[in-house]
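Number of protein chains: 2
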Amino acid sequence: MDLFGGIEAGGTKFVCVIASGPDDVRAEKRIATTTPKETLDNVIAFFKEYTQSTHEAIQALGVACFGPLDLNPKSPTYGYITTTPKPGWANVDVVGPLKAALGLPVAFDTDVNGAAIGEGAWGAAQGMDDFLYFTIGTGIGGGAVYNGSTIRGLVHPEMGHVLLPHDRQRDPYPGFCPFHKDCFEGLASGPSMQDRWGKPATELPPDHPAWALEAEYIAAAMQIFVSGLSPTRVILGGGVMQQEQLFPLVRRRTQEMLNGYIQSPVILERIDDLIVPPGLGNRAGVLGAVALAQRAVK
Amino acid sequence: MDLFGGIEAGGTKFVCVIASGPDDVRAEKRIATTTPKETLDNVIAFFKEYTQSTHEAIQALGVACFGPLDLNPKSPTYGYITTTPKPGWANVDVVGPLKAALGLPVAFDTDVNGAAIGEGAWGAAQGMDDFLYFTIGTGIGGGAVYNGSTIRGLVHPEMGHVLLPHDRQRDPYPGFCPFHKDCFEGLASGPSMQDRWGKPATELPPDHPAWALEAEYIAAAMQIFVSGLSPTRVILGGGVMQQEQLFPLVRRRTQEMLNGYIQSPVILERIDDLIVPPGLGNRAGVLGAVALAQRAVK
Numbered sequence: 289m290d291l292f293g294g295i296e297a298g299g300t301k302f303v304c305v306i307a308s309g310p311d312d313v314r315a316e317k318r319i320a321t322t323t324p325k326e327t328l329d330n331v332i333a334f335f336k337e338y339t340q341s342t343h344e345a346i347q348a349l350g351v352a353c354f355g356p357l358d359l360n361p362k363s364p365t366y367g368y369i370t371t372t373p374k375p376g377w378a379n380v381d382v383v384g385p386l387k388a389a390l391g392l393p394v395a396f397d398t399d400v401n402g403a404a405i406g407e408g409a410w411g412a413a414q415g416m417d418d419f420l421y422f423t424i425g426t427g428i429g430g431g432a433v434y435n436g437s438t439i440r441g442l443v444h445p446e447m448g449h450v451l452l453p454h455d456r457q458r459d460p461y462p463g464f465c466p467f468h469k470d471c472f473e474g475l476a477s478g479p480s481m482q483d484r485w486g487k488p489a490t491e492l493p494p495d496h497p498a499w500a501l502e503a504e505y506i507a508a509a510m511q512i513f514v515s516g517l518s519p520t521r522v523i524l525g526g527g528v529m530q531q532e533q534l535f536p537l538v539r540r541r542t543q544e545m546l547n548g549y550i551q552s553p554v555i556l557e558r559i560d561d562l563i564v565p566p567g568l569g570n571r572a573g574v575l576g577a578v579a580l581a582q583r584a585v586k
Numbered sequence: 289m290d291l292f293g294g295i296e297a298g299g300t301k302f303v304c305v306i307a308s309g310p311d312d313v314r315a316e317k318r319i320a321t322t323t324p325k326e327t328l329d330n331v332i333a334f335f336k337e338y339t340q341s342t343h344e345a346i347q348a349l350g351v352a353c354f355g356p357l358d359l360n361p362k363s364p365t366y367g368y369i370t371t372t373p374k375p376g377w378a379n380v381d382v383v384g385p386l387k388a389a390l391g392l393p394v395a396f397d398t399d400v401n402g403a404a405i406g407e408g409a410w411g412a413a414q415g416m417d418d419f420l421y422f423t424i425g426t427g428i429g430g431g432a433v434y435n436g437s438t439i440r441g442l443v444h445p446e447m448g449h450v451l452l453p454h455d456r457q458r459d460p461y462p463g464f465c466p467f468h469k470d471c472f473e474g475l476a477s478g479p480s481m482q483d484r485w486g487k488p489a490t491e492l493p494p495d496h497p498a499w500a501l502e503a504e505y506i507a508a509a510m511q512i513f514v515s516g517l518s519p520t521r522v523i524l525g526g527g528v529m530q531q532e533q534l535f536p537l538v539r540r541r542t543q544e545m546l547n548g549y550i551q552s553p554v555i556l557e558r559i560d561d562l563i564v565p566p567g568l569g570n571r572a573g574v575l576g577a578v579a580l581a582q583r584a585v586k
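Quick mapping for you: the protein sequence lines, in order, are chains A and B. Mind the numbering: the first sequence is residues 289 to 586 in this note's numbering, read in order. Mind the numbering: the second sequence is residues 289 to 586 in this note's numbering, read in order.
The list treats identical chains as one, so a pair stands whether inside a single copy or across any two.
Below 20 Å or equal to it, Euclidean Cα-Cα: the simulated SDA-like pairs (lysine to any residue) are:
id : residue 1 : residue 2
1  : 325       : 336
2  : 301       : 371
3  : 469       : 541
4  : 362       : 417
5  : 362       : 552
6  : 469       : 551
7  : 362       : 551
8  : 469       : 458
9  : 387       : 338
10 : 469       : 455
11 : 317       : 336
12 : 469       : 548
13 : 362       : 415
14 : 586       : 435
Treat the hints as calculated values from the structure; they're not laboratory data. Nothing here was measured: the structure is a model prediction, and the numbers come from that model.
In isolation and in its complexed conformation, chain A is listed as follows:
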């Protein structure tokens, strides 16, 4: 079995694995996100030590990274984290040092595009060519796979920042996003729930009106992305979606908001098949990084 390195590069930790697939993870390490140099040095050391001690070759590395990122292969700053507010991490080359130190092909994509690729390879979107993955938690982000490839475009999608309908009579809360106020992330992220209701979302009981409102915003986003992109499946992951009471509420309201316009049985009769939790749970990111590496070699 060919082995691949996967790095889920997040703002608090870098999760590194060496694996041939989800059921064959040979080694794993969580590395705290400190300075770029220290963090990347620790990442490099993990992969070097593995190959030196086992004499097993790694074919390629995949990095599913927090952003924003430069994903344009023709750009001089390809492989960089660009304008992040995270101190010390703006304009940091991620791909360059990994490639130089490890001498391997490095695939690089957003954390959510990576998770989408992982879900397509081994999770809830196996065998599908056109689907979306969202994480709804501290922030909100979305990854898209169409015709089998991730969508990147000008920069990369920022699906958590789309504006949503906002009924201020029902919900006078102005929104949490410093850029857009009441975008998807501004209305429906974990921090927006905490700010609106005065306590962490995890402390709100399942029958609290917060959840119906939360489902309303997620469903509005689903209306937008299902109408606008026609996915065959939408995977909803992240901390907020661990509140399982959300799934039936989101599905019903999405169906109501689409209101029969799109005449597909998947929407009209099998909405449970359209909007689903991740098949890989919270492993979508790091296994997605492995899948990115695998695709880079194929």
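Let chain A serve as the given structure and place chain B on it in line with the hints.
Leaving out everything else, chain B in the frame of chain A:
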């Protein structure tokens, strides 16, 4: 030069051309959309007569068609118009009769995906792999090309039916869409303008407040699609966009609504390059059909 047949199949007319490209259109015919049989018979006759009289071979046909459509090649009703409200045209096979009568490969896509492909081949998105085309007129629709291919997915995108933020204090008009009321099409199509202001959009003077409101809704849609899909270009065509005063208004409001979040010079400094009119004008649809045919053979 290889010749291709292009059919822009619309609800009022089918425009048919035989061409090798935009500057070499050998024949063209507008056929009224009557019954499916009569219309398709007339289309078939046009292409047959051309090849019989000139002895020039046509390599393939492209059809950019009003919908909704079945675009799934594995479906038994692939190539059909499906649930259209247009009398007589629901569940009509378009590709089958053309293929059977003309014996040519037939490429089939939505009218807006076709127009997008045309703009990518010869128009405002030449050389680009990731871009959007919208028509804003009697209806609103969008086509998407990512990684060089059109997005289809479950059915096909219905970008005109995404929900938009709607400030009812500024605009108490409830919206025109029979399915969603105040979606993009319900708030910003030509008929919604006529319904809201009591006269056709073409009779509203350029300084009428209708245009600032129209630009507001188009910009909200741009915020959603630029954030959500990260296109390198967005082409805005259709009858409403012939009001050229809309472009600067839409660009400015899109920039304001994105509010510096996406740190790309194209958005921050060159928004005129991001949001543009069609390069092929109202020929995007039929030339797009020719481009679809060309791609089918390549």
